[in-house]
Every structure is written in structure tokens, then in C-alpha cells.
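Engineer: Here the numbering used here is used: the first residue of the sequence shown is 1, the next is one more, and so on.
I should point out that these hints are in silico values taken from the structure, not numbers from a laboratory.
Just so you know, even glycine gets a beta-carbon here, dropped at the ideal spot from N, CA and C.
One thing to keep in mind: the hints can contain errors.
To be verified - Using C-beta positions, here's what the derived DEER-type ranges look like:
| no. | residue 1 | residue 2 | range |
| --- | --- | --- | --- |
| 1 | A266 | S106 | 20 to 28 Å |
| 2 | R12 | D143 | 23 to 31 Å |
| 3 | R117 | V64 | 21 to 29 Å |
| 4 | R233 | N46 | 37 to 45 Å |
| 5 | T199 | E39 | 40 to 48 Å |
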Amino acid sequence: MSEFHVASRMQRQDLHKLHGLGNDFLLWFQPAVPEGASELAQRWCNRTTGIGADGLIVAIDDRVAPQFVLFNSDGGRAEISGNGLRCFVHALAARRGVDELETLVSTDVGDRSAHIRGALSETSLVSVGMGAPNPGPSLEGLDLTVHVDYRRADTVDLGNPHLVIEVEDPSAYDMSVVGPAIEAHFMPAGINVHLVSATEAGLRMAIWERGAGVTEACGSGACAAAAIASLSRPDHGLFEVVMPGGAVSVEVADELTLIGPSSYVAALEPMSWA
1 MSEFHVASRM
11 QRQDLHKLHG
21 LGNDFLLWFQ
31 PAVPEGASEL
41 AQRWCNRTTG
51 IGADGLIVAI
61 DDRVAPQFVL
71 FNSDGGRAEI
81 SGNGLRCFVH
91 ALAARRGVDE
101 LETLVSTDVG
111 DRSAHIRGAL
121 SETSLVSVGM
131 GAPNPGPSLE
141 GLDLTVHVDY
151 RRADTVDLGN
161 PHLVIEVEDP
171 SAYDMSVVGP
181 AIEAHFMPAG
191 INVHLVSATE
201 AGLRMAIWER
211 GAGVTEACGS
221 GACAAAAIAS
231 LSRPDHGLFE
241 VVMPGGAVSV
251 EVADELTLIG
261 PSSYVAALEP
271 MSWA
């Protein structure tokens with residue numbers, strides 16, 4: 001798709017589909033969060049009766065502080081998404097008709113820095129700040145041995161909660177079974193569940209996302225996993241995190257930086273906006 005077509009489609013229509021390594025989102029440009037956005041997220045994201053996506057991003061293009069608001073496919077409002085944030089920045093720059101953009105994005109967990117080059121291309125590389133990791137929910141009372149054979153487990157808060165579990169081989173487990181069984185301990189708030197193993201360059205990871213289920217990639221989860229891995233590998237400042245949908249890079253410092261692709265799929269016109 002040419003640069004002209006990416007920009008013109010973004011400018012002509014308000015609803016689009018993008019993905020970050022297969023973690024796909026509907027992105028809807030609006031002046032404010034519409035009433036009923038949660039219900040629309042459930043309807044549009046349904047892969048059988050709707051368009052199909054892991055979440056709905058409401059994009060508010062304020063030139064001073066563009067705003068990112070995410071609803072998971074179950075209709076729940078999510079605090080942040082690394083893959084979603086990259087898709088948001090890609091769409092924002094293309095809609096403005098600029099190939100490069102550096103900006104702060106307002107999210108439910110504060111402002112996040114973002115930089116993109118090649119925004120007018122179908123696929124672009126985006127760097128987003130993900131903030132500093134903090135301890136997550138308590139593991140007290142959780143017996144993980146019922147579900148997985150694991151080496152260590154840690155929770156991380158990046159504005160959204162993550163449970164990072166080190167195992168020998170993440171692909172040995174069915175995340176559609178293991179994920180919800182483990183997440184049940186953290187209800188009603190829920191948690192993102194990640195099984196990880198170390199590689200020479202970083203990590204391999206399998207994913208169960210709160211509010212979306214099994215996904216191809218999780219950007220904030222990759223950051224959470226890299227933050228935990230850095231505790232035992234302090235000289236490893238850049239982690240490659242390989243997920244089913246592909247790989248991202250995570251720079252570990254006082255704050256975490258996520259670097260990965262965003263791909264434009266299509267402009268959309270649903271039969272119903274309500």
C-alpha cells in the first residue's frame with residue numbers, strides 16, 4: 001500500500017484495523033469517548049458476529065495531548081497496551097499525514113512518550129515508553145504447581161497487572177486452559193498471565209490477556225517479563241522477547257521502552273454505529 005493510500009484512508013474514515021504482531025485492534029477516531037463504547041467493543045470485536053479484534057481503541061486526536069482509551073474485547077476498560085499504543089501512534093501520525101512523529105500520549109495510567117518513523121507505510125517501527133515497573137498483586141494463597149511446573153513467579157504492575165511465570169518451555173502448555181485457571185485467583189480484577197523461558201537474546205513468551213484471552217503478542221507483558229528477567233541478568237539492557245506473533249525489543253532502564261512494529265490492515269465501515 002502506498003504512502004498516499006495509508007494517509008488518505010486514515011483521513012477519510014474514522015474506524016480502522018491495525019495490529020502489532022497479530023495482537024489486533026479496532027481504532028476509532030472520536031472527539032471524546034462515546035457513550036456505549038464498552039458495548040460497541042464487545043460487538044465489533046466479536047470474531048464470529050462482528051469485525052473481530054482483541055480490543056477497541058478510542059483515539060482522541062488532541063494536538064497538545066492525544067488521548068488513548070482502550071476497551072478489551074469483553075468490553076472492560078483497560079489501562080494500557082504496549083501493542084495498542086504502537087498502533088495508536090501509527091494511526092495518529094498517518095492521519096496527520098506525517099511520516100515521523102514524536103509525541104506524548106495521554107493514557108489512563110499517565111502520559112507515555114512515543115516515536116515513529118515511516119508512519120505512512122503499511123508497517124512501521126514504533127518506540128513507546130512504558131513507564132517504570134512496580135510490584136504487582138500478591139501471590140499469597142496461589143498454588144501454581146497445580147497448573148504448571150515452574151521455576152519462579154513474579155507479579156509486575158505497569159499500570160496494568162502481569163504475572164510472569166518462568167517455565168522450561170512455554171509452548172508445552174495450552175494457554176486457553178492454563179491462563180484462565182491461573183487468572184481466576186485474581187478475580188474480579190483479573191491479571192495478564194505470561195509463561196516465559198530464557199533465550200540467549202532475551203525471552204520466549206506465551207500469553208493469556210485479561211479481557212481478551214489467548215493473544216499473539218502482548219507489549220506490556222513483554223516489558224513486564226523483561227523487567228523480571230533483568231533482575232537475574234543485570235548486564236542485559238536490551239531484551240528480545242519472542243511471542244507467537246513475532247518479536248519485540250525491550251530496553252530496560254529506570255523506565256522501560258518497547259520497540260516493535262505496527263501494521264495497518266484496513267479502513268472499515270460497520271453496518272451499525274450504535
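Engineer: Each hint should be assessed against the structure and marked as holding or not.
Structural biologist: Here's how the hints hold up against the structure:
1. Separated by about 26 Å at the C-beta atoms, A266 and S106 satisfy the suggested range of 20 to 28 Å.
2. For the pair R12 and D143, the beta carbons lie near 54 Å from each other, so the given range of 23 to 31 Å is not met.
3. R117 and V64 have their C-beta atoms about 22 Å apart, which keeps the hinted 21 to 29 Å range intact.
4. A beta carbon spacing of about 41 Å between R233 and N46 agrees with the range 37 to 45 Å that was offered as a hint.
5. Evaluation of the 40 to 48 Å hint for T199 and E39 yields a pass: the beta carbon distance comes to about 41 Å.
The earlier numbered hint that this structure contradicts is number 2, and it is the only one.
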